[in-house]
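Generate coordinates for the entire structure from the input sequences, incorporating the hints supplied.
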Amino acid sequence: MEADRPLFIPVILGTARMGRMSLHAAQLVTGELSKCAGVETDLIDIAKLPLPTNDAGEAIKHADFSAKMIKADALVVVSPEYNHGYSGLLKHVLDSCLKEYIHKAVGIVGVSAGPFGGTRVIQNLLPVMRELGLVTIFWDVNFSSVQKVFTEDGRLLDESYIRRIDKFLKELIWMAKTLRQGRARISID
Amino acid sequence: MTRTDKMTCPSCRVEMNHHSDKLVYTVEPQDIGQADPGLGGFIEELHTCPNCGGAASRLA
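Chains as they are written, first to last, in my numbering: chain Z, 1 to 189; chain A, 1 to 60.
Since the hints were made in silico from the structure, they are not lab data. Accuracy of the hints is not assured; some may be wrong.
No farther apart than 20 Å at their CA atoms in a straight line, the calculated lysine to any residue pairs in the SDA-like style are these [what the hints assert, rightly or not]:
| no. | chain 1 | residue 1 | chain 2 | residue 2 |
| --- | --- | --- | --- | --- |
| 1 | A | K22 | Z | E131 |
| 2 | Z | K61 | A | N51 |
| 3 | A | K22 | Z | P6 |
| 4 | A | K22 | Z | R185 |
| 5 | A | K22 | Z | K35 |
| 6 | A | K6 | Z | I186 |
| 7 | Z | K99 | A | V24 |
| 8 | Z | K99 | A | E44 |
| 9 | A | K6 | A | R58 |
| 10 | Z | K68 | A | A56 |
| 11 | Z | K71 | A | N51 |
| 12 | Z | K68 | A | A60 |
| 13 | Z | K99 | A | F42 |
| 14 | A | K6 | Z | K68 |
| 15 | A | K6 | Z | Q147 |
| 16 | Z | K61 | A | P50 |
| 17 | A | K22 | Z | C97 |
| 18 | Z | K177 | A | F42 |
| 19 | Z | K71 | A | A60 |
| 20 | Z | K99 | A | Q34 |
| 21 | Z | K99 | A | A60 |
| 22 | Z | K61 | A | Y25 |
| 23 | Z | K61 | A | L23 |
| 24 | A | K22 | Z | P50 |
| 25 | A | K22 | Z | A59 |
| 26 | Z | K35 | Z | P6 |
| 27 | A | K6 | Z | K177 |
| 28 | Z | K170 | A | L39 |
| 29 | Z | K61 | A | L59 |
| 30 | Z | K91 | Z | K35 |
In this text the structure is predicted, and so the values were computed from the model without any measurement.
Dropping the structure here:
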């Protein structure tokens, strides 16, 4: 039965930049998600998606990414803040799907080298998520001064992030369960 | 105009739940004829199987 199937909540790493510290944040969130009962996860690195750049939108849909979005009950988007915005490649990837996202939950993790923890990129992503049909949660995770949060090889230096991620994931999982029920049981008609 | 016929899950053969109408803005010239002039695009219906969770869509 549908209700017995584990939730699938992939984590999208939203940057292809060399030396990206967001990788450590994405790996940490993926690791915490994998500890949650009844949840399966996967880290999707957009740098490894071979999407063409001579077209855009659903015309360049990648079969594997689309299949994961169809299977997903919720998403985590990990985005660094570059010049107050998200990476162009993240938008390019997100725009390659549409109906796959409808009525699914999304939580956003902001990452920055400065003190604001990606708050501005999160604000900029919210209207994009809304138009894609995703349902945003009210918890975020903000990695401020990320170079001080992780060692170069990705070891977490500030354990307080574990509790914040736990709160974020609990809300995301609740929303994922609720929306799964809604998609399957509650008619719009 | 809303379609009244129910979609059937291709895997389970059970009636699917119509849970969303998404307005998709028309960008391709060949799609312009399908656009609802009042909405500026076309409506894609989203349906989910209550048994297996499978998803399907169709134009309204």
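For each hint, the structure was consulted:
no. : hint           : verdict
1   : A:K22 x Z:E131 : holds, 9 Å
2   : Z:K61 x A:N51  : violated, 27 Å
3   : A:K22 x Z:P6   : violated, 26 Å
4   : A:K22 x Z:R185 : holds, 18 Å
5   : A:K22 x Z:K35  : violated, 34 Å
6   : A:K6 x Z:I186  : holds, 14 Å
7   : Z:K99 x A:V24  : holds, 10 Å
8   : Z:K99 x A:E44  : holds, 8 Å
9   : A:K6 x A:R58   : holds, 11 Å
10  : Z:K68 x A:A56  : holds, 15 Å
11  : Z:K71 x A:N51  : holds, 14 Å
12  : Z:K68 x A:A60  : violated, 25 Å
13  : Z:K99 x A:F42  : holds, 13 Å
14  : A:K6 x Z:K68   : violated, 26 Å
15  : A:K6 x Z:Q147  : violated, 53 Å
16  : Z:K61 x A:P50  : violated, 26 Å
17  : A:K22 x Z:C97  : holds, 13 Å
18  : Z:K177 x A:F42 : violated, 29 Å
19  : Z:K71 x A:A60  : violated, 23 Å
20  : Z:K99 x A:Q34  : holds, 18 Å
21  : Z:K99 x A:A60  : holds, 14 Å
22  : Z:K61 x A:Y25  : holds, 17 Å
23  : Z:K61 x A:L23  : holds, 19 Å
24  : A:K22 x Z:P50  : violated, 28 Å
25  : A:K22 x Z:A59  : holds, 18 Å
26  : Z:K35 x Z:P6   : holds, 13 Å
27  : A:K6 x Z:K177  : violated, 24 Å
28  : Z:K170 x A:L39 : violated, 37 Å
29  : Z:K61 x A:L59  : holds, 19 Å
30  : Z:K91 x Z:K35  : violated, 29 Å
This entry does not satisfy hints 2, 3, 5, 12, 14, 15, 16, 18, 19, 24, 27, 28, 30, going by the numbered hints stated previously.
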